[in-house]
Structure formats: structure tokens, C-alpha cells
Amino acid sequence: MNITKAYKCLGTDDPLPDLICRTNKYLLDLRLAKWITQKQNEKLCINSSEVELAHLYYLPRAHKPGTPLRPIISGLKHPTVKISKFLDELLLPLFDRMASNTTVTSGFELVKQLQKWSKDNMPQESLFCTVNVADLYTMVPQTEGVLALKKMLDHLKLKQVGDLKIETIIRLSRFVMQNNYFSYND
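The sequence shown begins at -7 in my numbering and counts up by one.
In short, the hints are calculated from the structure, not lab data.
Owing to the predicted nature of the structure, the values given are computational and were not obtained by experimental measurement.
There are no misleading hints in this set.
Subject to a maximum C-alpha distance of 25 Å in a straight line, what follows is the list of computed PhoX-like cross-link-like pairs (lysine-lysine):
(1) K17 to K69
(2) K31 to K17
(3) K149 to K26
Ranges between beta-carbon positions, derived for each pair:
(4) Y50 to L86: 29 to 39 Å
(5) A54 to K111: 36 to 46 Å
(6) T4 to L102: 40 to 50 Å
(7) L2 to Q116: 51 to 61 Å
(8) P115 to L20: 57 to 67 Å
(9) Q107 to K17: 50 to 60 Å
(10) D80 to K111: 30 to 40 Å
Ideal Cβ positions, reconstructed from N, Cα and C, are used throughout, including at glycine.
Take the sequences, apply the hints, and build the full model.
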């Protein structure tokens, strides 16, 4: 995380009370502007007694030399998790449909597809490689992440998904990405 400078330390400042207030105000503003329905507002609004900041912890990567640590951020009760889940349920079917021809979901499926592909398309001199992107989560800049989502939705030529306008989806996505706080050593 130090490599990408994706996060900054807030010291002893607790962003949770302000984040709760800003999240609920943001949702209410969207509701009053008719960007979301009353039902969606009620579903996404947060109760301060049910939320907490995400927590950072580490797991050893025993298969790597020197056993480096993999950072994990667990945010199951984070104030923006309801919005994230809502967007995931809305967008995942679209992404899955769009990526179905290029997505492999299991090792068995990979072997099957490689066997088929090798019979039909693969020249004898083909080489396979794997790529490991270090710090993938923090390497995607927020602005570019939101732009990639917009590009996907534009590619699908959608004006809305369900009863949400594309602009509402973009606004909610941006809000989640810009309000990604976690605690460490609590």
C-alpha cells in the first residue's frame, strides 16, 4: 500500500461518525432529487449502531519466498457496503453476460477450453504466460475505475439498469470509491 500511495493515514481521527452522516445525507439528496426511490433510500440508508470501519489485517503468502504478507481489508459492516452490494447485484449480471466468452471460472473449465482451443486455433509455436499484478486493488485509480464502469455501460447502450439511470449508478460508484476507510491495529 505504501508503493501505490492509495491510502493516507488519518492518525487518531475517526472518520466513522462523519462518514455515516455524509452517506445518509448523500442518499437523502439522491432521493429528494428523484435519482433513487424512497424504497431504495430506505434499503441503502445506514443505522449508526450497525456499522463500523473496515479492518486491515494480513495473511502470510507461504508459497512465496520470504513469506511476504498479503493485506486484506474486511469491510462487511462498512457504511458503504449496502451501496456496494446493491450495485453488485445490479451490475454483475451485465458484466457476466458481457465477459462470458472470455471468462474461465474453474481449473477444469480452463483445461477443457485449452484442449478445444489447441485443436482449432493454436499454432505449434504458441507460448502461454501468466501475469501477476502486485497491489491490484490499489493500482486502479478511482477516476479510471469509474470511467471503466461508464465505458462498459456505454458499450451496452443502456439508458438505465433496472430503475436506476446510468448517471445514478456512476454517482453511487464514485461515492463508494471515494469513501473507502479502514482501521488498523484497533
